[in-house]
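Engineer: Which chain is which? The protein sequence lines are A and B, in order.
Numbering-wise, the working numbering puts 138 at position 54 of the first sequence, and it's gapless, one number per residue.
Numbering-wise, the working numbering puts 365 at position 139 of the second sequence, and it's gapless, one number per residue.
Misleading hints may appear alongside valid ones.
Stated by the list, open to error - Among the chain B residues that face chain A by a calculated CB cut under 10 Å, a handful are:
#1 Gly362
#2 Tyr364
#3 Leu367
#4 Leu370
#5 Ser377
#6 Trp474
#7 Pro476
#8 Lys497
#9 Val509
#10 Ala511
#11 Val512
#12 Asp516
#13 Cys523
#14 Ala524
Keep in mind that the hints were calculated from the coordinates and are not lab data.
Note that beta-carbon positions come from the ideal geometry of N, C-alpha and C, so glycine has one too.
Below, each chain spelled out in residue letters.
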Amino acid sequence: MNNAPNTLDVAEEAAALAEHQPVIVRRTRVERAWRELRKAPLTAWFGIIVIVLYVLTAFFAPLIAPYSETELVGGPFDPWSDVNLLGTDQLGRDMFSRLIYAARNTMGIAVLTTALSFTVGGLLGLLAAVLRGWVDQIVSRIVDVMMSIPQLIFCLVLLSFLGTSVLNLVLIIGILDSTRVFRLTRAVATNVAVLDFVEASKLQGEGLLWVMTREILPNILPPLVAEFGLRFCFVFLTVSALSFLGLGIQPPSADWGSMVKDNATLISFGDPTPLLPAGAIALLTVAVNFVVDWFLHKSSGLKE
Amino acid sequence: MNPLIRTILQRLGFGLITLFVVSVVLSLLVGVLPGDFATRTLGQAATPDTVAAFRREIGLDRPPVERYLHWLGDMVRGDFGSSYSGAGSLSGNRRAVADLIAPRLVNTLFLAGLAALIAVPLALTLGLLAALYRNGVYDRLVNLVTLTSISAPEFFVGYVLALFLANDVYFQIFPAISTVEPGASIFDRAYACALPALTLVLVIVAHMMRMTRASVINLLASPYIEMARLKGSEPRRVIVHHALPNAWAPISNVIALNLAYLIVGVVVVEKVFAYPGIGQLMVDAVRNQDVPVIQGCAMIFAGVYVLLNLSADIIAIATNPRLLHPR
Numbered sequence: 085m086n087n088a089p090n091t092l093d094v095a096e097e098a099a100a101l102a103e104h105q106p107v108i109v110r111r112t113r114v115e116r117a118w119r120e121l122r123k124a125p126l127t128a129w130f131g132i133i134v135i136v137l138y139v140l141t142a143f144f145a146p147l148i149a150p151y152s153e154t155e156l157v158g159g160p161f162d163p164w165s166d167v168n169l170l171g172t173d174q175l176g177r178d179m180f181s182r183l184i185y186a187a188r189n190t191m192g193i194a195v196l197t198t199a200l201s202f203t204v205g206g207l208l209g210l211l212a213a214v215l216r217g218w219v220d221q222i223v224s225r226i227v228d229v230m231m232s233i234p235q236l237i238f239c240l241v242l243l244s245f246l247g248t249s250v251l252n253l254v255l256i257i258g259i260l261d262s263t264r265v266f267r268l269t270r271a272v273a274t275n276v277a278v279l280d281f282v283e284a285s286k287l288q289g290e291g292l293l294w295v296m297t298r299e300i301l302p303n304i305l306p307p308l309v310a311e312f313g314l315r316f317c318f319v320f321l322t323v324s325a326l327s328f329l330g331l332g333i334q335p336p337s338a339d340w341g342s343m344v345k346d347n348a349t350l351i352s353f354g355d356p357t358p359l360l361p362a363g364a365i366a367l368l369t370v371a372v373n374f375v376v377d378w379f380l381h382k383s384s385g386l387k388e
Numbered sequence: 227m228n229p230l231i232r233t234i235l236q237r238l239g240f241g242l243i244t245l246f247v248v249s250v251v252l253s254l255l256v257g258v259l260p261g262d263f264a265t266r267t268l269g270q271a272a273t274p275d276t277v278a279a280f281r282r283e284i285g286l287d288r289p290p291v292e293r294y295l296h297w298l299g300d301m302v303r304g305d306f307g308s309s310y311s312g313a314g315s316l317s318g319n320r321r322a323v324a325d326l327i328a329p330r331l332v333n334t335l336f337l338a339g340l341a342a343l344i345a346v347p348l349a350l351t352l353g354l355l356a357a358l359y360r361n362g363v364y365d366r367l368v369n370l371v372t373l374t375s376i377s378a379p380e381f382f383v384g385y386v387l388a389l390f391l392a393n394d395v396y397f398q399i400f401p402a403i404s405t406v407e408p409g410a411s412i413f414d415r416a417y418a419c420a421l422p423a424l425t426l427v428l429v430i431v432a433h434m435m436r437m438t439r440a441s442v443i444n445l446l447a448s449p450y451i452e453m454a455r456l457k458g459s460e461p462r463r464v465i466v467h468h469a470l471p472n473a474w475a476p477i478s479n480v481i482a483l484n485l486a487y488l489i490v491g492v493v494v495v496e497k498v499f500a501y502p503g504i505g506q507l508m509v510d511a512v513r514n515q516d517v518p519v520i521q522g523c524a525m526i527f528a529g530v531y532v533l534l535n536l537s538a539d540i541i542a543i544a545t546n547p548r549l550l551h552p553r
């Protein structure tokens, strides 16, 4: 309530300022983003549109899909028809509906895993860059060893001992993948951590968390955002590969990787249906890569 | 040669430490297996006596350190233990893990070797051409194509190939299932694994080519290249005679990285074409919780991986005179 006079003041002040300085137009974030987007290359536009379509599909899956994820609607391997747009799978479930629900499952798990890997890897990376000394040494050596084992093999081993469940999948891939995030965050954060303004804020008595998240993090955000896209692709491909091997997302949940595995026999009859879920994976990773490419080019002024 | 030997020893030491840690982790994990693991392995009908006997047999009654040392000692002598499949049965004919792994390792190495033989020269040529004609139409096209093929999962590439090249609806050129007869000639083998090899080639060429292009272009920014250009050398000569000798270190790194990737990518591709390699063996073992087989396969994968990274470092030093002959 007591905000009302205040906002009025601000409005008056702004009006007064506008009279004197009409030349400088402050653009809002949205306007600035739009200006950048208009200059974006065709590939970036393609990527953005594809990603938006995927996200919408994931959110509105129950509205778009004609049948449910697990409903049996016909015989096994029915061909494409008006009733089942893309035919049915090995148990007689609607292929089209499962493709749509899988967007939700596969992408949801990949986003969750990437978020976990960034939280763990990012925090440890910042911590190592700020504290240095033995914290940095210990974490770095552990990461070195973890990275010298092929990731998919490590995943397979851990999954076999801990069991295949969605929670284990997210935890295992998230932790293993956080090693790469740690490396990147530590590398870029070390450069920023030695700058004067960080020193100043430390002397000012700011806490560790403040220095990490308010002083350093904003300055290393662009490479991290680009890395988020790349890591998402990697996690997404790993989850799909594990599901394809029968060790990832478990039935009856629809998932692109296991859909390829379950319907692969159709390939030998010249039916391309199993390529659709595989293609869905490929299309999304291509789209994300296009956007990341453009973003990297723009944010770093990368010139060749 | 002093720094070369020192680096080799240093890297070898780190590789051994890594393998040691891997072996510790692998053997520790046996201890955290869920309780019904023995029952699952032996079947529902197993009596408590059988379960106890099985636990004694795999050494779960002994302290972890003793169990680990025992396993490590056996493994160093090439004995990876015996597979759990068939454990607890009266006949007791458990197969030695080493016997299971050996023929499949040969198959996998053959497949990976074949893919590498085609992929490495192809990728280097394409990468150099892209660096030579950078920002031209060829470069842009190659960039688009490789970005797409990097993004696609291996099984997508594999099944697309299987659909079009191993199918009487389109072209029946290669077999869709890569069965390998024991004692087959090298050409029969190569024919049988043509499609898996082609899949692997497509996946790693894209990656290798992009990295070759990037590392050569990176070098082209250095002053001595500008000098060569200013004195009037043609672009081809600048790249082949001036840039390439210095690019060997990054390029050998790229190759080693991708061969290491090949070892892992093989797991998925083997499944697509039902190729009897070590990746298939490991995936099956993981599904059946056949612990000795998992441990053996994982050790071998880790060993090959460490070895490849080691050789990349050595080549990087050996091709760099400044590192080879320090002042």
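Engineer: All hints, please: hold or fail.
Structural biologist: These are the hints, each one checked on the structure:
{"no.": "1", "hint": "Gly362", "in the structure": "violated, 12 Å"}
{"no.": "2", "hint": "Tyr364", "in the structure": "violated, 15 Å"}
{"no.": "3", "hint": "Leu367", "in the structure": "violated, 13 Å"}
{"no.": "4", "hint": "Leu370", "in the structure": "holds, 8 Å"}
{"no.": "5", "hint": "Ser377", "in the structure": "holds, 4 Å"}
{"no.": "6", "hint": "Trp474", "in the structure": "violated, 21 Å"}
{"no.": "7", "hint": "Pro476", "in the structure": "violated, 15 Å"}
{"no.": "8", "hint": "Lys497", "in the structure": "holds, 6 Å"}
{"no.": "9", "hint": "Val509", "in the structure": "holds, 5 Å"}
{"no.": "10", "hint": "Ala511", "in the structure": "holds, 7 Å"}
{"no.": "11", "hint": "Val512", "in the structure": "holds, 4 Å"}
{"no.": "12", "hint": "Asp516", "in the structure": "holds, 9 Å"}
{"no.": "13", "hint": "Cys523", "in the structure": "holds, 8 Å"}
{"no.": "14", "hint": "Ala524", "in the structure": "holds, 5 Å"}
In terms of the numbered hints stated before, the structure departs from hints 1, 2, 3, 6 and 7, listed from lowest to highest.
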